[in-house]
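Taken in sequence, the protein lines are chains A and B. Using my numbering, read the first sequence as starting at 565 and increasing by one per residue. Using my numbering, read the second sequence as starting at 11 and increasing by one per residue.
Just so you know, these hints were derived from the structure itself, not from any lab. Owing to the predicted nature of the structure, the values given are computational and were not obtained by experimental measurement. There may be inaccurate statements among the hints.
[Unchecked claim] Simulated pairs of lysine to aspartate or glutamate, DMTMM-like, Cα-Cα distance not exceeding 20 Å:
hint : chain 1 : residue 1 : chain 2 : residue 2
1    : B       : K174      : A       : D618
2    : A       : K706      : A       : D687
3    : B       : K82       : B       : D28
4    : B       : K78       : A       : D683
5    : B       : K78       : A       : E758
6    : B       : K78       : A       : D687
7    : B       : K60       : A       : E707
[What the hints assert, rightly or not] Quick look at which bits of chain A chain B covers, simulated, 3 or more residues with Cβ under 8 Å:
hint : stretch
8    : 675 to 683
9    : 699 to 712
[Stated by the list, open to error] Taking CB as the label site, the calculated pair distances span:
hint : chain 1 : residue 1 : chain 2 : residue 2 : range
10   : B       : D27       : A       : T719      : 39 to 49 Å
11   : B       : R106      : A       : R629      : 11 to 21 Å
12   : A       : E707      : B       : K174      : 42 to 52 Å
13   : A       : Q608      : B       : R185      : 47 to 57 Å
14   : B       : E90       : A       : E707      : 21 to 31 Å
15   : A       : Q689      : B       : K60       : 31 to 41 Å
16   : B       : K174      : A       : M737      : 29 to 39 Å
17   : B       : S94       : A       : E755      : 37 to 47 Å
18   : A       : G708      : B       : E141      : 24 to 34 Å
19   : B       : P195      : A       : D618      : 53 to 63 Å
20   : B       : E209      : A       : T636      : 36 to 46 Å
21   : B       : E90       : A       : V749      : 33 to 43 Å
Built from N, CA and C at the ideal position, the CB exists for glycine as well.
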Amino acid sequence: MNCPSFERLIDFLDNRLQESDGAQIANHLARGCEGCAENRDWYQRVRGVAASDDSIAPPAWVLKRAVRVFDTARQRPRLGKRIGQAIAALVFDSFARPALAGVRSTETANRQLLYSAGDYSVDLQIAQSEQARADLIGQVLKEGETTFESVSGLTLNLAREGTVVFSTVTDAMGEFKISGMEPGVYDLRVELSEGSITVPDLPLIES
Amino acid sequence: MKSQTLAEAPATTAVRDDRELVAACLSGDQSAWESLITRYQRLIYSIPMKTGLSQDDASDIFQSVCLKLYQKLATIRDTERISSWLITTTSRECWRLSARNRKGGVPAGSTDDESVEFVKEIPAIGPLADEQREALEQQQYLRQGVDSLPERCRQLITLLFYEKDELSYVDIARRIRMPVPSVGPTRARCLEKLRKLLEGKI
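Here chain B stands alone, though its shape is the one from the complex:
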């Protein structure tokens, strides 16, 4: 995951938890809706992409799942389960789209053999395995935890956790404009905060 995109998340995402965001959405706060789907954008979009669907299909599924989430806002009882609900709903949309593609997606004028080959190329998608679901949920919890940290911590932990190449303290200090000797102690404090945020989740 690229750290840059995570850091680009609006600051409001870190402030309100899901329960507060849902309540704000219901009272007509559009920024709460933006924060909510920004929070879950990677989770929703990654599922169709990982299952082999095209970018166009993944974009359509993203829209469709967001619409379903919006329609469900008024009846969400347990905001702790939004991740789980999104995983189930998105997987179901992937399966539905895949089934439709396999059934009706053969280009006009194809011979029988070409049709068979075409259909073979369209991924057949089944339900996610339990371990895949768990991994997706854990990754979401961690992203949310990091996003909920104070700005300085969020920058630091993002660089440490999500940067592709391991960075030295000197590099980190330069990137976030912090004295080199402060990096270690700050990181420890930020990790303690993160641990509290993730208690019972990871």
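Just chain A, with the same shape it has in the complex:
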């Protein structure tokens, strides 16, 4: 016998054929037809998976409540786990790296600093500007977030000896620039919906 059609093979496997027709297909399979055996094995495997499926659908209200997660979360994109008043930890300081042998001191190079607190990081660059003043350029980032939703429009306060001397707001990508600051040590405070992050003892112009 030639190979049965896929339809006939499935009928055979589902016991929907007359006995004599079924016997012919059984003989065909017994003779070791690889193609038909492959079809049979696939069908039986899939039927087995379906038969073992005892999954349970949640009640409609549970599904509806989960659908609302989308709207709620989008309306409050910045609401996350409260971090309170966190002090950022220094992760990287370009001036702390030993100078490479044979490389001239980079006296005029900008200083790169990276701070971290919770899911946030604050990337800073301190640059000398005119008349021995300093520019502070930076970006606030949230880990795993590619949309910048949590870091745009944040208020930043730069304080010296406890007094706020300059305030600004991050742009759509969490970036900011504070120009022409007097040399000194400052605290930079980033206001978040979950709390605030303070970058302490920020030396504007290298010490």
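We have chain A; now place chain B onto it with these hints.
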């Protein structure tokens, strides 16, 4: 699994794959989010129910896992692994809730003996065995495959695969308003389509 519920899944579920749904969610399409969690609702909800947690606990876990999925949308790199991620995350939530129930769920005023008995009744949940994970993933793949078929095929295969009692061709023809002689050939064509959809998965 009751076929009726599967057939009730929104038609949009069948149209877009996970990658497209995730991208649409990120661009603010709420219907994509609904399709995504409708697709995985059985997988998520069944894990706490199968591990012996109550319906209330299973509902809380469902909500919590969906929230975690939402928060993860922007960083999902491999949409092929959503099932696996959901199984791990849901199992972990079950374990966490079970541990919390066992630790702090003793009713006020219970004697020591009553407390011991109460805690014994709360299931201690460990990680899923590999074969359980594999079975859950395969069942999910098959449900998704069936959901992705054209409407007619989806109805037919759902009746054939998921109906509790085996139906005759006459019954199937009546249920989906199809001439009886068409049932066999249509089923074969639908199965071929399903096979292509499941290639490399089952």
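Here is what the structure says about each hint:
About 11 Å separates the Cα atoms of K174/B and D618/A, which keeps this hinted pair within 20 Å; it holds. Between K706/A and D687/A, the direct Cα distance comes to roughly 11 Å. Compliance with the 20 Å bound is thereby established for this hinted pair. Restraint check for K82/B and D28/B: the C-alpha separation of about 14 Å stays at or below 20 Å, so the hint holds. A C-alpha spacing of about 15 Å is found between K78/B and D683/A, which places the hinted pair at or below 20 Å, so the restraint holds.
A hinted pair counts as satisfied when its Cα atoms are at most 20 Å apart, and K78/B with E758/A qualifies at roughly 18 Å. For the proposed pair K78/B and D687/A, the alpha carbon gap of about 27 Å is over 20 Å, so the pair is violated. For the suggested pair K60/B and E707/A, the alpha carbons sit about 35 Å apart, so the restraint of at most 20 Å is broken. Check result for the stretch 675 to 683 of chain A against chain B: violated, 0 residues qualifying (beta carbon to beta carbon below 8 Å, three or more required).
Interface restraint, the stretch 699 to 712 of chain A with chain B: holds (4 residues with C-beta to C-beta distance below 8 Å; minimum three). Distance hint check: the CB atoms of D27/B and T719/A are about 41 Å apart, consistent with the given range 39 to 49 Å. In this structure the supplied range 11 to 21 Å holds for R106/B paired with R629/A, their Cβ-Cβ distance being about 20 Å. The hinted range of 42 to 52 Å is satisfied by E707/A and K174/B, whose Cβ atoms lie roughly 48 Å apart.
At roughly 24 Å, the beta-carbon separation of Q608/A and R185/B lies outside the given 47 to 57 Å, and the hint is violated. Here the CB-CB span from E90/B to E707/A is close to 24 Å, well matched to the stated 21 to 31 Å. A hinted range of 31 to 41 Å is violated for the C-beta pair Q689/A and K60/B, which are about 54 Å apart. Remark: the range hint 29 to 39 Å for K174/B to M737/A is contradicted by a beta-carbon distance near 56 Å.
Look at S94/B against E755/A: about 39 Å separates their beta carbons, and that is inside 37 to 47 Å. One distance hint, 24 to 34 Å for the beta-carbon pair G708/A and E141/B, holds here, with the actual separation near 32 Å. Distance hint check for P195/B and D618/A: the Cβ-Cβ separation is about 31 Å, which falls outside the suggested range of 53 to 63 Å. A C-beta distance of roughly 38 Å is found between E209/B and T636/A, which places it inside the suggested range of 36 to 46 Å.
Roughly 51 Å separates the CB atoms of E90/B and V749/A, a value that falls outside the hinted 33 to 43 Å.
Hints 6, 7, 8, 13, 15, 16, 19 and 21, counting from the list given before, are not met by this structure.
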